[in-house]
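Colleague: These are the residues of each chain, in order.
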Amino acid sequence: DAGVIQSPRHEVTEMGQEVTLRCKPISGHNSLFWYRQTMMRGLELLIYFNNNVPIDDSGMPEDRFSAKMPNASFSTLKIQPSEPRDSAVYFCASSPHSRLSNQPQHFGDGTRLSIL
Amino acid sequence: DAKTTQPNSMESNEEEPVHLPCNHSTISGTDYIHWYRQLPSQGPEYVIHGLTSNVNNRMASLAIAEDRKSSTLILHRATLRDAAVYYCILRDVGPGGGADGLTFGKGTHLIIQP
Numbered sequence: 001d002a003g004v005i006q007s008p009r010h011e012v013t014e015m016g017q018e019v020t021l022r023c024k025p026i027s028g029h030n031s032l033f034w035y036r037q038t039m040m041r042g043l044e045l046l047i048y049f050n051n052n053v054p055i056d057d058s059g060m061p062e063d064r065f066s067a068k069m070p071n072a073s074f075s076t077l078k079i080q081p082s083e084p085r086d087s088a089v090y091f092c093a094s095s096p097h098s099r100l101s102n103q104p105q106h107f108g109d110g111t112r113l114s115i116l
Numbered sequence: 001d002a003k004t005t006q007p008n009s010m011e012s013n014e015e016e017p018v019h020l021p022c023n024h025s026t027i028s029g030t031d032y033i034h035w036y037r038q039l040p041s042q043g044p045e046y047v048i049h050g051l052t053s054n055v056n057n058r059m060a061s062l063a064i065a066e067d068r069k070s071s072t073l074i075l076h077r078a079t080l081r082d083a084a085v086y087y088c089i090l091r092d093v094g095p096g097g098g099a100d101g102l103t104f105g106k107g108t109h110l111i112i113q114p
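Residue numbers (the working numbering), protein chains in the order written: chain A, 1 to 116; chain B, 1 to 114.
Derived from the structure by calculation, the hints contain no laboratory data.
Do not take every clue at face value.
What the hints assert, rightly or not - What follows is a list of derived Cβ distance ranges for each label pair:
#1 B:Thr5 / A:Glu83: 15 to 23 Å
#2 B:Leu51 / A:Pro96: 45 to 53 Å
#3 B:Arg81 / A:Pro81: 38 to 46 Å
#4 B:Thr5 / A:Asn102: 42 to 50 Å
#5 B:Arg77 / A:Asn102: 45 to 53 Å
#6 B:Gln42 / A:Thr76: 38 to 46 Å
#7 A:Pro81 / B:Leu51: 44 to 52 Å
By construction, the Cβ of each residue, glycine as well, lies at the ideal position given by its N, Cα and C atoms.
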């Protein structure tokens, strides 16, 4: 089975540009999560969706960040305009939807974003 | 999610068992104990989870204290490929009626010596 697929793997762009990160969750998984990892702050949850509906976006740092899930097989995380402090590795994860919260999350390989 | 405390780093020799401790003194009755690990340049990877009883799977064993205030992840025979950051995380049912996000601490950086 294909795992969580993220694209691009690496992105280098200039400050002020729009950045779009993409994620394809594992087929059949109803929950999707976006995380960010930096040396200073470690791994942080940004937002998560259940059945394509955003449930908690309290981790989204600013209005410059937005996330969508138009269907069960695709999600985007957009930064507009981007700033150097947004440089980080962004991970997408998916899991089966479960009230018991026992289901493990499956992570993609991440997108390494550098804003110059 | 309740807070966990782990040592910053641990070192072990290849082919020896490794015991990674985690303290969670404020754990609630419905918190599950989950362990993930992150190998260099990869996303986190699920290892194991449990509630009250000890658990075993192909990757590791999880020993949970009787009062549930601490747990230990056991790698029975460490290899160089087990060198990673190991995260101990508590999870409860989220407000949306489903699983919510993970709260990662700093984890334990496990170093394996050949």
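Colleague: If a hint holds in the structure, say so; if it does not, say that too.
Modeller: Quick rundown of the hints versus the structure:
1. B:Thr5 / A:Glu83: 15 to 23 Å: The hinted range 15 to 23 Å is violated for threonine 5 of chain B and glutamate 83 of chain A, with Cβ atoms some 33 Å apart.
2. B:Leu51 / A:Pro96: 45 to 53 Å: Taking Cβ atoms as reference, leucine 51 of chain B and proline 96 of chain A lie about 18 Å apart, which means the hint is violated.
3. B:Arg81 / A:Pro81: 38 to 46 Å: 41 Å, holds
4. B:Thr5 / A:Asn102: 42 to 50 Å: For asparagine 102 of chain A against threonine 5 of chain B, whose Cβ atoms are near 23 Å apart, the range 42 to 50 Å is violated.
5. B:Arg77 / A:Asn102: 45 to 53 Å: About 27 Å separates the Cβ atoms of arginine 77 of chain B and asparagine 102 of chain A, which means 45 to 53 Å is violated.
6. B:Gln42 / A:Thr76: 38 to 46 Å: 22 Å, violated
7. A:Pro81 / B:Leu51: 44 to 52 Å: 45 Å, holds
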